[in-house]
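Number 102 marks the last residue of the sequence shown (this note's numbering); no jumps.
I should point out that these hints are in silico values taken from the structure, not numbers from a laboratory. Be aware that a few hints might be false.
So the derived label-pair ranges between C-beta atoms look like this [said to hold, decoys possible]:
| # | residue 1 | residue 2 | range |
| --- | --- | --- | --- |
| 1 | F24 | K101 | 19 to 25 angstroms |
| 2 | V39 | M102 | 43 to 49 angstroms |
| 3 | V73 | A41 | 43 to 49 angstroms |
| 4 | K101 | G75 | 30 to 36 angstroms |
| 5 | Q94 | V39 | 33 to 39 angstroms |
Here a beta-carbon is modelled for each residue, glycine too, at the ideal position from N, C-alpha and C.
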Amino acid sequence: MRLILAIEQNYCNADIRTKTYITFNEIQKLLSKTNGRVVGALMTPCPLVVRENTNLEDAVRLLLKTKYRLPVVDGQGKLIGIITRGDIVRGALQIKQAAEKM
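Whole structure, please, built from the sequences with the hints as guidance.
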């Protein structure tokens with residue numbers, strides 16, 4: 001059973017790599033036609049952000065409304081990091097594990 005799982009995992013990983021490679025090549029073709037456009041023309045000019053002291057529950061609500069990450073800014077609005085859904089999941093697991101030890 002372990003051998004079958006390993007083979008399936010390798011197949012899946014190869015499939016993902018192939019799809020990623022194809023997607024990357026498609027993106028390269030599109031980018032060759034950008035005609036000198038710059039990042040500023042494509043960026044989100046006023047993204048949703050959170051401050052480093054934002055309540056985690058509020059950050060989770062914002063993450064559910066956005067895609068996968070939120071910029072974290074300090075009191076002056078300077079970017080100091082990014083919080084992702086994965087960060088929230090890891091944090092929740094740490095909280096759960098700490099509560100179980102008590």
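Each hint tested on the structure:
1. F24 <-> K101: 19 to 25 angstroms: violated, 44 angstroms
2. V39 <-> M102: 43 to 49 angstroms: The hint (43 to 49 angstroms, Cβ to Cβ) holds, given that V39 and M102 are roughly 48 angstroms apart.
3. V73 <-> A41: 43 to 49 angstroms: Given a distance of about 23 angstroms, which is not inside 43 to 49 angstroms, the answer is violated.
4. K101 <-> G75: 30 to 36 angstroms: holds, 34 angstroms
5. Q94 <-> V39: 33 to 39 angstroms: holds, 35 angstroms
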